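Visitor: Given next are the chains, with one letter for each unit.
Number of protein chains: 2
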Amino acid sequence: MDAIQKHLLEEVADLHAVPTGAYNIRANGKSVERNTTSTIDIVSKEDGTGIDIIIKPGTKRQSVHIPVVLSQAGLTEVVYNDFYIGEDADVTIIAGCGIHNGGAESSRHDGIHRFFIGKNAKVKYVEKHYGSGDGTGKRIMNPQTIVEMEEDSYMEMDTVQIKGVDSTKRETRAVLGDGAKLVVMERLMTHGSQTATSEFAVDLNGDGARANVTSRSVAKEESTQLFISKINGNAKCSGHTECDAIIMDHAKISAVPEITANHPDAELIHEAAIGKIAGEQIIKLMTLGLAEQEAEEQIVNGFLK
Amino acid sequence: MDAIQKHLLEEVADLHAVPTGAYNIRANGKSVERNTTSTIDIVSKEDGTGIDIIIKPGTKRQSVHIPVVLSQAGLTEVVYNDFYIGEDADVTIIAGCGIHNGGAESSRHDGIHRFFIGKNAKVKYVEKHYGSGDGTGKRIMNPQTIVEMEEDSYMEMDTVQIKGVDSTKRETRAVLGDGAKLVVMERLMTHGSQTATSEFAVDLNGDGARANVTSRSVAKEESTQLFISKINGNAKCSGHTECDAIIMDHAKISAVPEITANHPDAELIHEAAIGKIAGEQIIKLMTLGLAEQEAEEQIVNGFLK
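Here the protein sequences come in this chain order: A and B. Residue 201 in the numbering used here sits at position 201 of the first sequence, with consecutive numbering throughout. When you read off a place in the second sequence, starting at 1, and then add 305, the result is the number in the numbering used here.
None of the hints are false.
Using 30 Å as the maximum straight-line C-alpha spacing, the simulated DSS-like pairs for lysine-lysine come out as follows:
#1 B/581 <-> A/236
#2 B/474 <-> B/525
#3 B/610 <-> A/236
#4 A/230 <-> A/119
#5 A/236 <-> B/525
#6 B/474 <-> B/433
#7 A/220 <-> B/541
#8 A/230 <-> B/557
#9 B/535 <-> B/427
#10 B/535 <-> A/220
#11 A/305 <-> B/541
#12 B/589 <-> A/236
#13 A/276 <-> B/541
#14 A/169 <-> B/535
#15 B/557 <-> A/181
#16 A/252 <-> B/535
#17 A/230 <-> B/541
#18 B/541 <-> A/163
#19 A/252 <-> B/541
#20 B/535 <-> A/276
#21 A/230 <-> B/535
#22 A/169 <-> A/252
#23 B/474 <-> A/230
#24 B/486 <-> A/276
#25 B/468 <-> A/236
#26 B/581 <-> A/230
#27 B/581 <-> A/181
#28 A/220 <-> B/486
#29 B/424 <-> B/535
#30 B/557 <-> A/236
#31 A/252 <-> B/486
#32 A/181 <-> B/525
#33 B/610 <-> B/443
#34 A/60 <-> A/181
#35 B/429 <-> B/541
#36 B/525 <-> A/230
#37 A/284 <-> B/541
If you're looking for bench data, these hints aren't it; they were derived computationally from the structure. Owing to the predicted nature of the structure, the values given are computational and were not obtained by experimental measurement.
Generate coordinates for the entire structure from the input sequences, incorporating the hints supplied.
Guide: Spelled out as structure tokens, the structure:
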């Protein structure tokens with residue numbers, strides 16, 4: 001891998017060296033490095049469209065890194081990765097995508113990730129998106145995350161897109177069985193003329209199922225964002241969705257939550273707030289010696305941390 | 306008017322006698338009584354589709370009653386009423402609709418009300434919908450309320466549909482100019498196999514425009530409800546929408562708010578909560594001597610008051 005690719009890897013997966021545990025590194029459309037362990041197997045799909053990640057039941061405190069980097073301008077790829085997480089497993093999965101585009105054509109990565117989470121299993125899923133390069137070609141990422149959660153399983157999703165992605169259409173769907181719990185934290189920042197859409201659809205099908213979906217976003221300059229969040233309560237369950245957004249410059253933000261109770265014991269709550277940074281917050285930091293722009297940056301960073 | 310029509314009038318407009326001030330009473334598709342005053346004129350539209358209510362600038366503390374009753378089974382009507390409210394006026398408008406259906410065919414009233422609210426004018430708009438009769442024909446009401454608010458005008462909408470309306474599709478649209486303020490309180494209860502849809506669309510176009518849209522609803526038995534609320538912030542404005550719903554028996558409720566900030570100084574907030582009555586609330590009232598059903602009824606009545 002060259003210096004640009006190594007820099008992207010650092011940005012999306014905090015990787016400075018080869019990771020410990022299982023990993024699969026994909027660069028410019030090809031798997032370039034892979035490691036499996038006694039409990040985590042990674043297998044290329046026969047049709048070449050992606051990989052299967054198979055985690056044995058009872059695997060504890062293991063991690064899987066599956067970063068993707070694109071440094072070749074004009075490359076478009078669709079990748080299907082399936083995660084089979086065995087019963088009682090407890091794993092962390094780090095999936096990130098970095099695009100460097102120095103050319104005039106668009107570079108695009110569509111990652112479709114499916115998770116089959118077994119009984120009692122626990123997954124932490126971290127996803128970071130990053131773009132760089134001063135080419136006029138766009139950097140586009142359209143991640144799809146599809147989750148099936150069995151009895152008493154737990155998933156935590158932590159996704160970040162802070163910089164350099166010109167266009168993104170994020171889609172996350174989850175179906176929860178009895179006692180399953182899903183916690184999502186999405187952080188998003190757009191600037192320039194970027195556009196971002198993020199759509200969640202969660203079906204709480206099992207008794208005792210719980211979901212908590214939180215989005216925090218900042219839209220700067222001419223950028224636009226659309227946040228859609230659907231939670232269906234189909235059993236004795238509880239769901240909460242929250243969207244907080246800071247709007248700056250000439251940006252536009254829409255929040256469209258949708259909560260539906262199809263069962264009398266479903267308890268669903270939604271909250272959303274869109275507004276600019278409060279003037280007194282900026283003034284407070286300016287009295288501490290910061291310039292106005294520095295004060296704004298500090299508030300935005302704190303909000304997205 | 307017969308006894309049934311008089312009962313409907315009481316239910317929808319709290320009218321036991323001829324009201325004071327201006328009024329127009331419509332029964333089974335015809336205007337049956339009308340009174341105008343020196344400051345409030347009521348004129349039938351030339352094409353016969355409804356009435357124009359013209360309130361002179363500066364009219365203070367006056368009221369207009371425009372109740373509609375339908376007691377003839379199978380009657381379907383569409384009525385267009387336009388309200389012209391002059392500058393600096395301060396009026397209360399009571400519009401209600403009662404349908405008694407003792408037959409096998411559906412009875413339906415679609416009322417399209419447009420409000421043109423002048424500078425600085427203040428309007429309180431009260432609307433009550435009620436249905437009765439043991440016929441198998443449905444009682445259907447589809448009100449549309451379209452509001453244009455000029456500088457610094459104020460409108461308060463208070464709408465209630467508590468009983469006997471089998472199907473309703475409510476639509477409320479408002480456009481607010483500089484400094485205008487809209488306050489909406491909607492209360493809705495459905496039971497049996499009733500369906501109710503309520504959609505709000507508010508454009509905050511003027512600096513200092515404010516909107517506060519609140520919906521409280523209870524869905525019992527097999528009934529279904531859909532609540533949609535769109536607020537667009539197109540200026541330095543503030544908007545708040547809130548939907549609280551109690552779900553009982555086998556009812557279904559959806560809440561779909563949509564807040565869009567098209568301006569960096571727009572501040573928009575949404576909250577929604579759907580859930581059943583808390584068990585401890587019922588137990589508390591039961592220890593005071595109420596039966597379970599009485600306790601539930603008391604909580605529901607308090608919630609919708």
